[in-house]
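Undergrad: Heads up: the sequence lines are chains B and D, in that order. Numbering-wise, the first sequence is residues 2 to 181 according to our numbering. Numbering-wise, the second sequence is residues 2 to 181 according to our numbering.
Wrong hints could be hidden among the right ones.
One copy or any two copies: either way a pair holds, since identical chains are not told apart in the list.
Taking lysine-lysine pairs in the DSSO-like style, the calculated list, with each CA pair at most 27 Å apart, reads [unchecked claim]:
| hint | residue 1 | residue 2 |
| --- | --- | --- |
| 1 | Lys173 | Lys147 |
| 2 | Lys173 | Lys58 |
| 3 | Lys134 | Lys9 |
| 4 | Lys173 | Lys20 |
| 5 | Lys134 | Lys20 |
| 6 | Lys72 | Lys134 |
| 7 | Lys58 | Lys167 |
| 8 | Lys147 | Lys16 |
| 9 | Lys72 | Lys9 |
| 10 | Lys9 | Lys173 |
| 11 | Lys9 | Lys147 |
Just so you know, the hints here were simulated from the structure itself, not pulled from any lab data.
Number of protein chains: 2
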Amino acid sequence: MTVDGAIKARRSIRKYQDKPVSESDVNRLLDLARHSPSSMNGQPWHFIVIREPGIKKEIAAIKNRYCPAEKRSYEADFLETAPVVIVLGVDTERSYGRELENSVLAAAHLMLAACAAGLGSVYMSAYAADEPKLAEEIGRTLNIPKNVRPITIIPLGYPDEVPPPKSLRPLKEMIHLERF
Amino acid sequence: MTVDGAIKARRSIRKYQDKPVSESDVNRLLDLARHSPSSMNGQPWHFIVIREPGIKKEIAAIKNRYCPAEKRSYEADFLETAPVVIVLGVDTERSYGRELENSVLAAAHLMLAACAAGLGSVYMSAYAADEPKLAEEIGRTLNIPKNVRPITIIPLGYPDEVPPPKSLRPLKEMIHLERF
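So that you can see chain B by itself, here it is in the shape it has in the complex:
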C-alpha cells in the first residue's frame, strides 16, 4: 500500500475480528516503528506486547477509571477484544525531554504500517498531564521501571468494523501563508 493510500485509508478501529495476529507480523511492525525519528537519535522506545486477557482487562479498567468526562463515549473495554495490545513507553534517559514526541512519532508509523498490513488500530494515551495516576497504574501493572514513561497504547487486530466516512474540515481553514 502506498503512503498516500494508507494515510487516507487509516481509520481508528475499535472492533476486531476473532483472528490472531502473528508474532512475526507484530515484530515486523515494531521493526518499522524503530525506524522513526527521535530526538538526538536516542531511539528511546520500549514496546510491551500484551496478549494475556487478564492484563488487557487491567489496562482497560485503568483507562476507564481515569477517562475524563467529555471522552466517556469511548470506553476502553474493547481493548479486551484486541488480539494484541501494545503499550509504548520511552526511556527518559534517552529522550532529551521529548518523551511525548518520540512516542507519538513511533506510534504514527506503527499505525500506518498496521493499516498497510490490513490491521486496524487506534491511538490511545497511557498518561495524562492532569492525572498522573493513569501512567503510574499502567506502569505498576506492567512492571515498567521508573526511567520508562508509558505514553501510548495501541491495540492491533483485523478490523471488524467499517467506520462511516470521516467528514474533514476544509483545508483552506487550516492553511495560512507566511503568517497566521
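Use these hints to put chain D onto chain B, whose structure you have.
TA: Just chain D now, kept in the frame of chain B:
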C-alpha cells in the same frame, strides 16, 4: 512508495537543493496531514506555510536562542535554506487536552508523505515545556492567535544530502512480552 519503504527510507534532512517546492505539492501534503487521527476527531490543525526568507530567518533565530545546551550540534540556521518551512499549530479549543499528540501525529504523516514525494524534512519543536518563550516568540512572529499553540516546525525541500546509514538499537532490547 510503499508505507514500509517510506518508513525505512525517511531520514532527517537539513540540507536542501536550490529547487522550489510547488504550492500544489505543499497543499497535497497538507491535505494528507489533515487525514491524521486527532483526539475526539477535533482536527485542530493550522499549517503556516512560510516562503519569505525574512520570516524563515526570524524562526531560525528564535530556535537558536532557546536551543538547550545539549542540542547545540543542531543549529537552526539551515531553516533559511529550506524552500518551505511549515509551522504546525493546534487549536486548543479543538484539542481536548491533546495538543502535542494531535500535532505530532499530523507531522509524522506529513514527513512520510514528503519522503514518498521525494522531499526531505526534519521534525523540530516549536515549544519547550521548560522554556515558554520559545512558543511565545514564534507565535508573536507569525501572528498566531492565543487559542492556537505552535508545536512543530517542519522544513521541506529536495534533499541535498545523503545521511550516513543510521545504526538502530537492537529490536530485542525494545520488545517485552506481557510485562516489562
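Undergrad: For each hint, tell me whether it holds in the structure or not.
TA: Each hint, compared with the structure:
1. Lys173 - Lys147: between (44 Å within a copy, 20 Å between copies)
2. Lys173 - Lys58: between (43 Å within a copy, 26 Å between copies)
3. Lys134 - Lys9: Result: close neither inside a copy nor across copies, 35 Å intra and 36 Å inter.
4. Lys173 - Lys20: between (42 Å within a copy, 25 Å between copies)
5. Lys134 - Lys20: neither (33 Å within a copy, 50 Å between copies)
6. Lys72 - Lys134: Within. Shortest intra-copy distance 17 Å satisfies the 27 Å Cα cut-off; inter-copy 31 Å does not.
7. Lys58 - Lys167: neither (29 Å within a copy, 38 Å between copies)
8. Lys147 - Lys16: So Lys147 and Lys16 fail the 27 Å test inside a copy (33 Å) and across (38 Å) alike.
9. Lys72 - Lys9: This pair counts as within: shortest intra-copy Cα distance 25 Å, inter-copy 35 Å.
10. Lys9 - Lys173: Answer is within: at 18 Å inside a copy they meet the 27 Å cutoff, but 32 Å across does not.
11. Lys9 - Lys147: Classified as neither; 38 Å inside a copy, 31 Å across copies.
In summary, the numbered hints that this structure violates are 3, 5, 7, 8, 11.
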